[in-house]
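Residue numbers (our numbering), protein chains in the order written: chain H, 1 to 474; chain L, 475 to 706; chain G, 707 to 1176.
Derived pair list, reagent style PhoX-like, types lysine-lysine, alpha-carbon separation capped at 20 Å: (1) 625(L) with 652(L); (2) 448(H) with 396(H); (3) 74(H) with 61(H); (4) 1034(G) with 1014(G); (5) 526(L) with 682(L); (6) 582(L) with 7(H); (7) 987(G) with 61(H); (8) 283(H) with 751(G); (9) 488(L) with 526(L); (10) 991(G) with 1045(G); (11) 330(H) with 309(H); (12) 7(H) with 579(L); (13) 488(L) with 682(L); (14) 348(H) with 309(H); (15) 61(H) with 991(G); (16) 752(G) with 283(H); (17) 396(H) with 437(H); (18) 347(H) with 309(H); (19) 396(H) with 816(G); (20) 1047(G) with 816(G); (21) 600(L) with 7(H); (22) 579(L) with 591(L); (23) 548(L) with 526(L); (24) 348(H) with 400(H).
Bear in mind the hints are in silico, worked out from the structure with no lab data behind them.
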Amino acid sequence: MFLLQLKYETLRLLRSPMLWLLLVFLAVSVGFGAYNGVRRIAAKRQSVGEMLAQQQEDLGKQKMQADSVARGLKKVGGWYLDPTNVIVVGGVWRGGWVTAFEPAPQSLLAAGMSDLQPDAWRLTLMGKDARGDSEFENPVNLAFGTFDLSFVLAFLLPLLVIALSFNLVSGEREQGTLALQWAQPVATGRLFLMKTLARFTLLAALTLLVTLPILTWSGISLANAAAWQTAGLAVLYSLFWFLLALGVNLRGGSSAQNALLCVGAWLLFTLVVPALVNMVSEKAHPVPSRASYLNEMRDADAYLEAQKKTVLDVFYQKHPNYTRKSEAEKEWQDWYREDFAVMDFDKKFRDSLEQRYIAPAESQSDFAENLTLLSPALSVHRQMTDLAGTSQQAYKASEKSLDASQKNWASFFLKKFEANENLTTADYDVILKFPDKVMAANVSGSSKGAFWLAVQCLLVGFWAWWSGRRLHRA
Amino acid sequence: MILAQNLTKHYGDKIALDNLTLDIAPGEIFCLLGQNGAGKTTTINCFLGFTKATSGKAFINGLDVAKQPLESKKHLAYLPEVVMLYPNLTGLENLDYFSRLAGFKHDKGDLLICLEKAGLQEADGKRRVSGYSKGMRQKVGIAIALAKKAKALFLDEPTSGLDPKASNDFSQLLLELKNDDVAVLMATHDIFRAKDVANRIGIMKDGKLMNVLDNSGHLQAKEIEELYLQTI
Amino acid sequence: MVFTIANQELRSILREGRFKTAAILLSGLFLLSLVGAFDYYSALKKQHEEAAQTARKQWENQEDKNPHSAAHYGTYVFKPIYPLSYFDRGVDAFTGNTLFLEAHRSHQSKFKTAEERGDFARLGVLTPAFVLGMLFPLFIIVLGFGSAAAERENGNLRLLLAQGVRPSTLFWGKSLGLWGAVLALAIPFFMAGAGGLLVSGAGGEHWLRYACTLLLYLAYFGCFIHLTLLISAWTGRQSVSLVGSLGVWVLICLIAPKAAVNVAKQQYPAPTWQSYNASIKADLKNGVDGHDAADAYTERLEKETLQKYGVDSVQHLPFNWAGFVMQKGEEHETYVFQKHKAELLKVYQQQQQVHQAAAVVSPFVLTGILSQRLAGTDVDVYFDFLAAAERYRIQLVGELNGELTNNFKYGDWDGKRGKAFFAKNSQFDYQPPTLSSLLGSLGKPAAAMLIWLLISGLAAILFFNKLKPV
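Input sequences plus hints: build the corresponding full structure.
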């Protein structure tokens, strides 16, 4: 029975010009979305490559100079120009080490936050600062968003599914074939089940047919789990919309009514609910503007200056080997030693200030994420950005791993600083090999999005079943 | 073959069928006349199991429709008023699909024979139904009945929208089925056609079978019309 | 006759269940968006104003120090928040909120609101512009997709034509009827929208801007009315008409803007971080456009100045050479910064042209451009703010260097200035461009909008004429 339904559903669909139109449209969209993703990754790789290549080149030259200086062949104008100087190379205002995010092939799936977040960080002895092409991105581009695969999947795929299922039952009823089928010796329940299964199998096959080849072509090989995860997500998402269309059909309305309801649901879930979720989370956890943050930081500077003496008192007590000099006598080593001494205290204080701005932002985004259940489009978006490693969380996780990197970098130089050593060419060789790339983290295989999508499928499936029961009873 | 015993159907307060009793033997054509809403379609729906009777029984070939719905459907065929079929499939494919649903796995040759018997040329049978006239679609419907070897045939307003030639073709087809011992229950407004093919003509009003006329004699169409007008 | 048809069309629309449901939903969303957006706007405005005041206070109350140290202490300026931004947030969330001004450096603005929010924030914000721009057209489609097609399908068209109704009259009648339904909702919306202006107490020009925005949206709705009628007449079948209209909406409102972004980025890529900063460094080092490299320039300047004042060493100049040379150096560097900023802006403008080209396909893009420009939340205003901030930076640093030049002895780095001096420094007072100055840049898109309206109308009439009654 299933095969019979499958055969004829396939024949019917393949012969309808509407299907071909929609398939072509979807294929073109998926293709365009994937293409944009590929270009985006290529651009990022180039940008990052430039930065890192320049770094290698500059440090290479610097290494030669350091060699000359060490041999006494070259004189430097001041300690701050000395390439063997630990502070100069380790970096505070200048120097330091640039570590960049390397996009994985599946990064093409979703642009996510990649156009707003930094591409690289410069690690210094005191911390890190961000750099990236997002500083130069045209705000209009950021505002419109980008045509990526995630957009196609979340917004356009449902339209295909709706177009092919909105008149599943109503169309047959209006055609008279429903009555004809009921007049045959088949249990209506079984007939109906097989028909819907067949229709969905077709839809799923079409979805896979469109997505997998394009994914492979754009660089996510079939060996990469991400390809299958994306395809699976697409099929699951199709299931949601299919079940929705089914439920709408089982209300017993006309094809025109069904179409309006399905499209209304699409509008609700893809446009209205996300906008409402954002509004509600903004209201529930308003984030103070960074404008006041900066002023607070300034006041913090004054406070920290005042505290400096106390902190230094403790430091000099602990390290009697260092002599505390007066302002006039201090040399650069003394200045920086003191800076390093108060560094942790400063950082703690500033971080606690910053928390007042970061914490509400995190609460707001957590609150919004808890509302993922309200729309399958949200689930898909979440899963795609997690897969691509371009979600806000992925960036935060990457940043954390960079903090560890920064500590390594700093400790290498601080040790030498305390030992009053200068950098040798051997040291430069070590430095040049320091890891300069970080794979944009796949939030350790997070599948929260897929989970919520499955829940949503269950809920809508239940609604469809309940719809059917109501119709049956009537 | 087609038997209704005190078939009654209530929709809330409305009485759609009121103790309808009907017996149609194999090879007999029974035409049901009546106004819209008189209960013709409801009667057919009861036999097809689309509606559950409030009381009374319906039998197809001795099988109780209510108790053995699937079995009874094996013996009947149905031609609704609006027979659209699947427009993207050919007549042949439509026939194949419905036959298989009925449990018959005919090969292409057999199906073509059925179509031919129903009056559809092979060339037409291989064209998509979207290009068919109503008459042609009906022929596919008949072919479905033939392929099923159904012994009871239910027709709902089959000649509405057919031009005189197609209507005539249809009459011929019915007479052939009659010769094959198929029992036919036909709901219609077409008094002329009823006169042409029916063994008996029943006039329904408000769910009741008011009058049953014997068509074997010399009743003229005009007389039938007058009786109809009197009855309703 | 037109009015008869219009009347009938309007009445049948208003009586449909669809209208009531859609109207209630849309109104609810609009009011919600209005309240929410206004709330957000007033909070943000307050924060920025307070921050600006605090920044000034901090400047004035900074520790007594050398003017040049003050030039490095720097100050912050904050992006202004405009009265109509509650209506259309434009690119606000994607432009930096803060800008640090100091000597020798021209910083990029920092802290875009969007970069600190969660992933979902990119999926759409509920503002009145969103409701009017994206959702209202759907309302029009839902009400109007039937019009011509239904008449044809249920045979009324034949009756109408037999009564002597000309197809173009039918079009005008249906169009007017649809307008009636649209205005029934749009007018209350517009009135409610004005509430924001009333509450915020913004001045006269903003009312004019708001009025222009309303006209803009009316023209936009007109385009969709024409499109819906066009598709209805063209397809002749309700089901196909609905699918077609929805497809067109998806193309116009969802696909076109995004696709335009990708095409623009591909055609006119912005510089990478590396290339931008590297070329600035190179220009500073090597000199550019007839401006010598820093050292060479300083040498030349020194020689010229000594000659001009007829002295043989800088100590003997009647002013502090250190201050003087720093200011000159600042101007010299600024030239390089401006050059590169201008090149970047040129890239943005080329990208904008691609976006505007998308307007051929999408009146939504056009409406966005115009609405943002009128609300003061478009990119141009933001760049204008940045330019003004840069001018202020030069001015402020100039004042500081000037103090150093004129009132300090050469070699004196210990002299300090305090609150008395700093309070006298100029304040940053940014005035956004007035509506009249915008008229030039508004002209072309506005004309494009009218052309869209005209052509869609003509095409609709064309298809009404071709409507076959059978």
